[in-house]
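Going line by line, the protein sequences match chains A and B. For the first sequence, counting from 1, position 122 maps to 122 in our numbering; every step adds exactly one. Just so we're on the same page, our numbering is the position in the second sequence counted from 1, plus 154.
Among these hints, one or two may not hold up.
[What the hints assert, rightly or not] Quick list of in silico lysine to aspartate or glutamate cross-link-like pairs, EDC-like style, CA-CA up to 20 Å: (1) Lys-563(B) <-> Glu-61(A); (2) Lys-18(A) <-> Asp-501(B); (3) Lys-327(B) <-> Glu-405(B); (4) Lys-563(B) <-> Glu-88(A); (5) Lys-18(A) <-> Asp-569(B); (6) Lys-479(B) <-> Glu-560(B); (7) Lys-424(B) <-> Glu-405(B).
[What the hints assert, rightly or not] Which chain B residues face chain A? A few, computed with CB under 10 Å, are given here: (8) Ile-175; (9) Leu-176; (10) Ser-177; (11) His-220; (12) His-504; (13) Asp-507; (14) Gly-509; (15) Glu-514; (16) Ala-518; (17) Met-530; (18) Tyr-533; (19) Ile-535; (20) Pro-536; (21) Ala-537; (22) Val-565; (23) Gly-567.
Hint data in this document are derived by calculation from the structure and do not stem from the laboratory. Think of the CB as a built atom: it goes at the ideal place given N, C-alpha and C, for glycine as much as any other residue.
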Amino acid sequence: MSASNQLYQEVILDHNRKPRNWGAVADANLRAEGHNPLCGDHIVLTLSVGAGRTVDAVGFEGDGCAICKASASMMTVAVKGRPVGEAEAMVRQFRDMATGKLDPERDDNLLGRLKVFSGVKDLPSRVKCAILPWHTLHAALNNDAVTSTEGDAA
Amino acid sequence: MKALDMSDTFDIDRVRADFPILSMRIGDRPLVYLDNAASAQMPQRVIDRMVHYQTREHSNIHRAVHYLSETATAQYEAARLKVQSFINAPSEREVIFTSGTTDGINLVMHGYGRKFIGTGDEIVVSAIEHHANIVPWQMLCEERGATLKVIPVNDAGELSFEAYLGLLGPKVKMVAITHVSNALGTVVPVRDYIEAAHASGIPVLVDGAQAAPHIPVDVQALGCDFYVFSGHKMCGPTGIGILYGKSEWLEKMQPFKGGGDMIASVSFEKTTYNTLPFKFEAGTPPIMAAIALGEALDYLRGIGLETIARREHELLAYATEGVSKIRGIRIIGTAERKAAVLSMVMDGIHPHDLGTLLNEDGVAIRTGHHCAQPVMTRYRIPATARASFAFYNTFDEVDALVASLERAKTVFGVD
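In isolation and in its complexed conformation, chain A is listed as follows (with noise of 0.2 Å):
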């Protein structure tokens, strides 16, 4: 089995037909835009974080591939209701599984359902589709209005 029949799972092209949380948040206080300039992928990115520092509510919209559109899907899903640390961190373990750095049966993370995803780490020109929205939902917790898959390490 090549490494692109693990990848395109079920849950994957399920999240790419129906993405949830789908749309602009109505009143966030955060938002961040997204780019792969390599292959067109684009997405914008909505929160509203409380007082609290929790993700009280997460929307995305945009164009992309099914990887990058099931990736922010599920991101969203997994995010929302999270505090803003926890959701940093899973920033920095998704990356590192999709970059074959963590092993997400054997590391410790948060990252569930989203262990999907570790079969990118084998299609390298693909791993960029899967990071930009964690990279849009990194840079929106920071206040950087617009990032870019160019010039990353990943």
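Following the hints, position chain B against chain A.
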């Protein structure tokens, strides 16, 4: 259609046997290499030629009097003559070795553009150019206060000749236009464009990166002032390319790079430049790559450019027919005259996902914007999936492409 697979002179099995990489497997599937517009594969005799050069002939050229230097110089210059003959250039002095098409365009931008183009002047390019034939001219415009004018393209991917004629005003100092679009496959009737520019005394550069490997090119018949192309798209190695330029321009142009080999004499007061073509070949060139390109051109001529063009046209027609039957696919680039490039988008599947899924079946295509973002913008798409054919591809490989596209739809649950 398949009956045409073997013409009198073309034995596909023998041709494929010339290319060791074509018998590779990707996982458990045979490689189906359909990314020839990005880079073509190399026949064994070109690989052997490089090995022979490095084992028996290598030294620096145009320098020493010893045996190896004389041999390397002779072979390097023999390669230049092969290129001259291949494109029917009037003189080998007009054949400059570059590192590739991009390098050639940059050379003309610096050597011609920075000398002859100034404030208020205009440069005409087309809407279907590769970034390599846009960005250098934009850089020049920014530096010199000149303006870039763009020939528009219709929905099929054909340029508007009428609009072009309208752009050819007195301020235009250069037309830089592609011969074959890498993203759409459109063959541009460049001869008409050159004639029209010359009627106003405007020089024309033709980007031949996608044309030179696939259709016979005669620079004298075209009449172009500059013609640029790359070795690796025509079964040669990377790192070598060609700039053909009319000597009347090359003589007047500034050298692009300064250094060794491009000088006649050097003192701290004054340097005199070398004669053509050496004036534009500063430093030690990629000697092995130039010689290997010469070998690749011999190989292509052995098959015959007319035969190659006919074969690729048959493959394109067969692929267009097969792909058109797949529901939800739209072919981007439907010009009447096309080279063997099939760009497509599929409803419900992003080109990048398509590329990854096809790779599972051993089918290698290119996905993305093909360094032609203005083309993607024109068709309001982020990217395409592009299959591009070479003479060594087979009709069975086209069938494999079509089957793999169908399978991608099944995986994604697209009707």
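Interface hint status, His-504(B) versus chain A (Cβ within 10 Å): holds, 4 Å
Classify the hint on Ile-175(B) as holds or violated, based on whether any CB of chain A lies nearer than 10 Å to its CB. violated, 19 Å
Checking one constraint from the list: CA of Lys-563(B) to CA of Glu-61(A), max 20 Å. Satisfied? violated, 24 Å
Interface hint for Met-530(B), Cβ within 10 Å of any Cβ on chain A: holds, 7 Å
Using Cβ atoms only, decide whether Ser-177(B) comes closer than 10 Å to chain A, and label the hint accordingly. Because about 19 Å separates Ser-177(B) from the closest Cβ in chain A, which is outside the 10 Å limit, the hint is violated.
Is Lys-327(B) close enough to Glu-405(B), meaning Cα to Cα at most 20 Å? holds, 18 Å
Mind checking the alpha carbons of Lys-18(A) and Asp-501(B) for me, to see if they're no more than 20 Å apart? holds, 15 Å
Is the shortest C-beta separation between His-220(B) and chain A less than 10 Å? violated, 46 Å
Would the hint linking Lys-563(B) and Glu-88(A) be met if the CA-CA limit is 20 Å? This hinted pair is violated, its Cα atoms lying about 36 Å apart.
With a cut-off of 10 Å on the beta carbons, see whether Gly-567(B) makes it to chain A. With a minimum Cβ separation of about 7 Å from chain A (threshold 10 Å), the hint on Gly-567(B) holds.
Would you check whether Gly-509(B) satisfies its interface hint, that is, whether its CB is within less than 10 Å of any CB in chain A? holds, 8 Å
Measure nothing beyond the straight line between the CA atoms of Lys-424(B) and Glu-405(B); if it is 20 Å or shorter, mark the hint as holding. Between Lys-424(B) and Glu-405(B) the Cα gap is close to 18 Å, so the pair holds against 20 Å.
Going through the hint list in order, the structure does not satisfy hints 1, 4, 8, 9, 10, 11, 16 and 18.
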